[in-house]
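*Asks:* So the sequences go chain by chain: W and Z. For the first sequence, the residue numbers in UniProt numbering are 1 to 209. For the second sequence, the residue numbers in UniProt numbering are 1 to 572.
Incorrect hints may appear among the rest.
What the hints assert, rightly or not - Mimicking SDA-like on lysine to any residue, the simulated pairs with C-alpha atoms at most 20 Å apart in a straight line are:
#  : chain 1 : residue 1 : chain 2 : residue 2
1  : Z       : K91       : W       : A38
2  : Z       : K91       : W       : R74
3  : Z       : K91       : W       : F50
4  : Z       : K114      : W       : E111
5  : Z       : K114      : W       : R74
6  : Z       : K91       : W       : D41
7  : Z       : K114      : W       : Q72
8  : W       : K53       : W       : L174
9  : Z       : K91       : W       : S43
10 : W       : K53       : W       : Y150
11 : W       : K175      : W       : S116
12 : Z       : K91       : W       : D37
13 : Z       : K91       : W       : E149
14 : Z       : K114      : W       : Y115
15 : Z       : K91       : W       : L42
Said to hold, decoys possible - Partner residues are not named here, just some residues of chain W that face chain Z (Cβ under 8 Å, in silico):
#  : residue
16 : I46
17 : G47
18 : V48
19 : D49
20 : R74
21 : T77
22 : S80
23 : S81
24 : R148
25 : C152
26 : L153
I should point out that these hints are in silico values taken from the structure, not numbers from a laboratory. Note that CB positions come from ideal geometry on N, CA and C, so glycine has one too.
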Amino acid sequence: MDPSASSQPEFDYLFKLLMIGDSGVGKSSLLLRFTSDAFEDLSPTIGVDFKVKMVAMGGKKLKLAIWDTAGQERFRTLTSSYYRGAQGIIMVYDVTRRDTFINLSNVWAKEIDLYSTNQDCIKMLVGNKVDKESERTVSKKEGIDFAREYGCLFLECSAKTRVNVQQCFEELVLKILETPSLLAEGSAGVKNIFRQKPPPADASTGSCC
Amino acid sequence: MAVPTLTSTQRYAAGALLALALRQAQLQQTELLGFSSLPGDNYAVPDRSSSSSRGSNFSGSEADGDSLQLWTHPSRGLLRPVFRFLEIDSKAWPGLEETAGSSDAMHHILAYLKIMVEDDGGSSEKEEQEFALAKSVDFMVMSLETAHSSEETTSELHEENFESSKLSISKLSAIGEEAINRYKNARDREAMMADISLSYPRKVTILFELLSACVADSPQDYEKDSMRRKGYDARHRIALRLLAAWLDVNWTKMEAMEIMVAFSAMAADKEQQQSQKSRSSKGKWVKWKRGGIIGAAALTGGALLAITGGLAAPAIAAGFGALAPTLGVLVPVIGASGFAAVATAAGSVAGSVAVAASFGAAGAGLSGSKMARRIGDIEEFEFIPVGGNHNQGHLAVGILVSGFVFEESDFINPWKAFENNLERYAIQWESKHLIAVSTAIQDWLTSTLTRELMRGGAMMTVLSSLVAALAWPAVLLSATDFIDSKWTIAIDRSDKAGILLAEILLKGLQGNRPVTLLGFSLGARVIFKCLQHLAESGDNEGLVERVVLLGAPVALNSDEWITARKVFIIFC
Numbered sequence: 001m002d003p004s005a006s007s008q009p010e011f012d013y014l015f016k017l018l019m020i021g022d023s024g025v026g027k028s029s030l031l032l033r034f035t036s037d038a039f040e041d042l043s044p045t046i047g048v049d050f051k052v053k054m055v056a057m058g059g060k061k062l063k064l065a066i067w068d069t070a071g072q073e074r075f076r077t078l079t080s081s082y083y084r085g086a087q088g089i090i091m092v093y094d095v096t097r098r099d100t101f102i103n104l105s106n107v108w109a110k111e112i113d114l115y116s117t118n119q120d121c122i123k124m125l126v127g128n129k130v131d132k133e134s135e136r137t138v139s140k141k142e143g144i145d146f147a148r149e150y151g152c153l154f155l156e157c158s159a160k161t162r163v164n165v166q167q168c169f170e171e172l173v174l175k176i177l178e179t180p181s182l183l184a185e186g187s188a189g190v191k192n193i194f195r196q197k198p199p200p201a202d203a204s205t206g207s208c209c
Numbered sequence: 001m002a003v004p005t006l007t008s009t010q011r012y013a014a015g016a017l018l019a020l021a022l023r024q025a026q027l028q029q030t031e032l033l034g035f036s037s038l039p040g041d042n043y044a045v046p047d048r049s050s051s052s053s054r055g056s057n058f059s060g061s062e063a064d065g066d067s068l069q070l071w072t073h074p075s076r077g078l079l080r081p082v083f084r085f086l087e088i089d090s091k092a093w094p095g096l097e098e099t100a101g102s103s104d105a106m107h108h109i110l111a112y113l114k115i116m117v118e119d120d121g122g123s124s125e126k127e128e129q130e131f132a133l134a135k136s137v138d139f140m141v142m143s144l145e146t147a148h149s150s151e152e153t154t155s156e157l158h159e160e161n162f163e164s165s166k167l168s169i170s171k172l173s174a175i176g177e178e179a180i181n182r183y184k185n186a187r188d189r190e191a192m193m194a195d196i197s198l199s200y201p202r203k204v205t206i207l208f209e210l211l212s213a214c215v216a217d218s219p220q221d222y223e224k225d226s227m228r229r230k231g232y233d234a235r236h237r238i239a240l241r242l243l244a245a246w247l248d249v250n251w252t253k254m255e256a257m258e259i260m261v262a263f264s265a266m267a268a269d270k271e272q273q274q275s276q277k278s279r280s281s282k283g284k285w286v287k288w289k290r291g292g293i294i295g296a297a298a299l300t301g302g303a304l305l306a307i308t309g310g311l312a313a314p315a316i317a318a319g320f321g322a323l324a325p326t327l328g329v330l331v332p333v334i335g336a337s338g339f340a341a342v343a344t345a346a347g348s349v350a351g352s353v354a355v356a357a358s359f360g361a362a363g364a365g366l367s368g369s370k371m372a373r374r375i376g377d378i379e380e381f382e383f384i385p386v387g388g389n390h391n392q393g394h395l396a397v398g399i400l401v402s403g404f405v406f407e408e409s410d411f412i413n414p415w416k417a418f419e420n421n422l423e424r425y426a427i428q429w430e431s432k433h434l435i436a437v438s439t440a441i442q443d444w445l446t447s448t449l450t451r452e453l454m455r456g457g458a459m460m461t462v463l464s465s466l467v468a469a470l471a472w473p474a475v476l477l478s479a480t481d482f483i484d485s486k487w488t489i490a491i492d493r494s495d496k497a498g499i500l501l502a503e504i505l506l507k508g509l510q511g512n513r514p515v516t517l518l519g520f521s522l523g524a525r526v527i528f529k530c531l532q533h534l535a536e537s538g539d540n541e542g543l544v545e546r547v548v549l550l551g552a553p554v555a556l557n558s559d560e561w562i563t564a565r566k567v568f569i570i571f572c
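Produce the entire structure from the sequences given, and follow the hints as far as they go.
*Replies:* Structural data, given as structure tokens:
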């Protein structure tokens with residue numbers, strides 16, 4: 001869990017995680033909290049941001065490549081190309097803004113269906129900003145129901161107070177580790193730093209003319 | 001300082017596209033073009049239909065090491081100055097670099113192109129600017145073409161000597177086509193372009209912005225990045241070439257843009273210089289005008305640039321006006337609005353001090369100075385300008401090396417018909433020895449060899465008979481003895497000349513511009529040695545853009561080729 005370990009090149013598996021959700025729900029803040037244990041006022045993400053975190057879990061050294069996408073509408077086309085090859089997708093909403101929760105089913109879940117290339121990819125629903133309990137407009141129950149309907153993991157957390165942030169990523173990663181097909185993708189061949197080998201499931205390789 | 005013609009999102013996407021192109025260009029570097037049957041090359045005959053094998057080849061050759069090897073890595077200093085110039089938020093940089101480095105870059109290209117289309121400012125003023133810019137580029141292309149045709153007529157006299165240059169032209173264009181085909185093959189680019197209807201002016205604007213960004217450097221980079229060479233990097237050029245192919249923009253248009261950027265930058269830079277030291281430089285200015293071109297860097301001790309006499313007017317638009325001999329009709333036709341568009345697009349180039357270094361002391365550096373014979377034994381080594389492209393703001397240099405000559409004019413004549421928009425120089429080197437060995441070979445070919453061939457009834461081409469000679473009886477072989485000594489000397493000299501050429505390139509006498517090297521016979525060996533030397537003396541990847549070797553007397557030892565190939569991009 002030591003952030004300084006991120007410079008260490010050796011790892012057993014490399015997992016690509018993706019964070020999606022409306023603008024302002026706190027995707028970048030969650031990531032910042034997870035990778036550097038910090039919290040600050042962030043301006044809206046431009047395009048995509050990328051962070052790496054090394055973790056040890058289940059006796060394995062893991063390298064997490066976490067892509068933090070912009071929630072803004074104008075970058076929507078851009079983020080679509082980042083679903084490809086992701087082993088885990090974190091859908092984030094703001095528990096104090098009901099529209100961000102509604103949009104998950106209206107927009108983001110559809111995006112996943114449309115663009116994700118990975119059938120077994122693990123999805124995780126995260127309700128952020130539980131520190132603002134008094135302003136809450138989305139109940140935990142609703143979150144659980146949504147997660148059940150779409151077959152994903154669920155947690156409520158707060159990037160500001162650090163509550164449940166580690167758990168979010170840990171649960172997701174543990175689930176990936178339990179899924180053999182995802183494990184195969186994340187290991188061995190992809191280890192090479194140039195990451196040039198497209199994942200085996202990549203259909204486009206075969207369709208070249 | 002603002003770049004007004006594109007919105008911030010578009011600039012972001014443009015930066016991303018350049019990053020992707022840069023990455024793809026690096027992948028292409030490790031693939032052999034026009035050389036698929038290199039014997040003994042068991043490591044990289046790429047499977048063209050499969051992008052995955054390309055990837056593994058790459059990692060094999062470039063060592064496992066670190067992502068430091070990536071051209072997109074920050075330490076390379078290739079991308080970040082461009083991002084900074086495009087005013088992309090620094091927070092977005094790591095994401096872009098990582099995206100470019102990731103395996104499925106091709107899918108991202110589509111997305112970034114889409115965002116170019118979708119994020120439309122909608123302002124008609126911008127559209128007008130883009131349109132004006134595109135138009136002026138078109139006219140630049142037209143004027144370039146007319147300039148060419150006039151050159152061609154004057155050089156028709158040398159028709160008989162053109163074979164080698166024709167060969168190299170066709171070789172170059174074949175390489176170009178092959179490369180482009182490969183990009184097409186790599187992904188169905190056609191389909192991709194079909195559903196993204198980027199307007200032509202928009203494409204031109206994107207490329208123009210990126211070009212300006214590549215040429216310009218922000219001064220603060222120099223302190224931080226020692227690896228960064230000043231000026232227009234060969235790797236940038238190849239990335240732009242690739243990007244232009246993706247966007248379906250003809251490369252000649254890019255070349256036209258290069259010239260426009262060069263001139264607006266020069267004019268802007270000059271304005272700056274003048275305001276900086278209005279009085280003290282007066283005397284120098286006169287000199288500059290009179291001399292036409294000079295290595296300004298040497299005079300002022302700074303990163304100034306050499307400017308043609310006609311470029312004395314301070315304003316940017318006036319700088320373009322001074323192009324008149326080249327541009328011809330451009331001024332009246334596109335009018336002020338076109339210039340304004342160009343000026344706004346390129347204007348911010350002026351903001352960066354070091355832009356001058358790009359086209360620096362080139363003319364004077366290469367043609368003016370006879371090289372000091374720093375390496376013993378080389379008696380003759382001189383750059384001779386070829387063609388009419390000198391001091392017209394070309395952002396790319398071609399260096400042409402002959403290797404089979406009977407008289408001194410053979411150093412230049414073969415290249416006279418080699419028409420493209422490079423600023424070309426031929427190297428005249430060791431003419432005594434080259435003529436000696438060439439003549440010896442000719443004598444030998446016309447005497448013993450041909451007689452024997454006639455008798456044997458085997459009228460093969462000269463080339464194939466040379467190969468056949470290997471299997472000939474000892475009696476005939478003795479005839480070759482007298483070539484041997486001359487050949488050995490010539491080989492030795494060519495190696496030394498190659499090192500000398502490498503040192504010249506390292507010193508930046510060509511003015512920090514991407515260089516294309518062409519050579520045949522022993523000239524090709526000179527280039528090969530030059531590349532080897534460049535590779536051995538450190539990180540010189542940004543110098544040489546393309547290389548064409550014809551009939552190089554070099555052993556096909558793959559190790560040596562791998563070293564040499566590290567330093568340039570497209571290879572044949």
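*Asks:* Take the hints in turn and mark each one as holding or not.
*Replies:* Structure-based check of all given hints:
1. Z/K91 / W/A38: 16 Å, holds
2. Z/K91 / W/R74: The given pair, whose Cα atoms are some 18 Å apart, holds under the 20 Å limit.
3. Z/K91 / W/F50: 10 Å, holds
4. Z/K114 / W/E111: Given pair Z/K114, W/E111 holds - Cα atoms ~16 Å apart, limit 20 Å.
5. Z/K114 / W/R74: Satisfied, since the Cα-Cα distance of roughly 11 Å is no more than 20 Å.
6. Z/K91 / W/D41: 13 Å, holds
7. Z/K114 / W/Q72: 15 Å, holds
8. W/K53 / W/L174: Status holds; Cα separation ~15 Å.
9. Z/K91 / W/S43: With a Cα-Cα distance of about 10 Å, the restraint between Z/K91 and W/S43 holds, given a limit of 20 Å.
10. W/K53 / W/Y150: The hint is violated at about 27 Å.
11. W/K175 / W/S116: 18 Å, holds
12. Z/K91 / W/D37: 18 Å, holds
13. Z/K91 / W/E149: 36 Å, violated
14. Z/K114 / W/Y115: 15 Å, holds
15. Z/K91 / W/L42: Roughly 10 Å between the alpha carbons, so the hint for Z/K91 and W/L42 holds.
16. I46: 4 Å, holds
17. G47: 5 Å, holds
18. V48: Status holds, d = 4 Å.
19. D49: Interface hint status for W/D49: holds (5 Å vs cutoff 8 Å).
20. R74: 6 Å, holds
21. T77: 4 Å, holds
22. S80: Cβ of W/S80 sits 6 Å from chain Z, so the hint holds.
23. S81: Cβ of W/S81 sits 4 Å from chain Z, so the hint holds.
24. R148: 32 Å, violated
25. C152: 24 Å, violated
26. L153: Violated, because the Cβ-Cβ distance from W/L153 to chain Z comes to roughly 25 Å (cut-off 8 Å).
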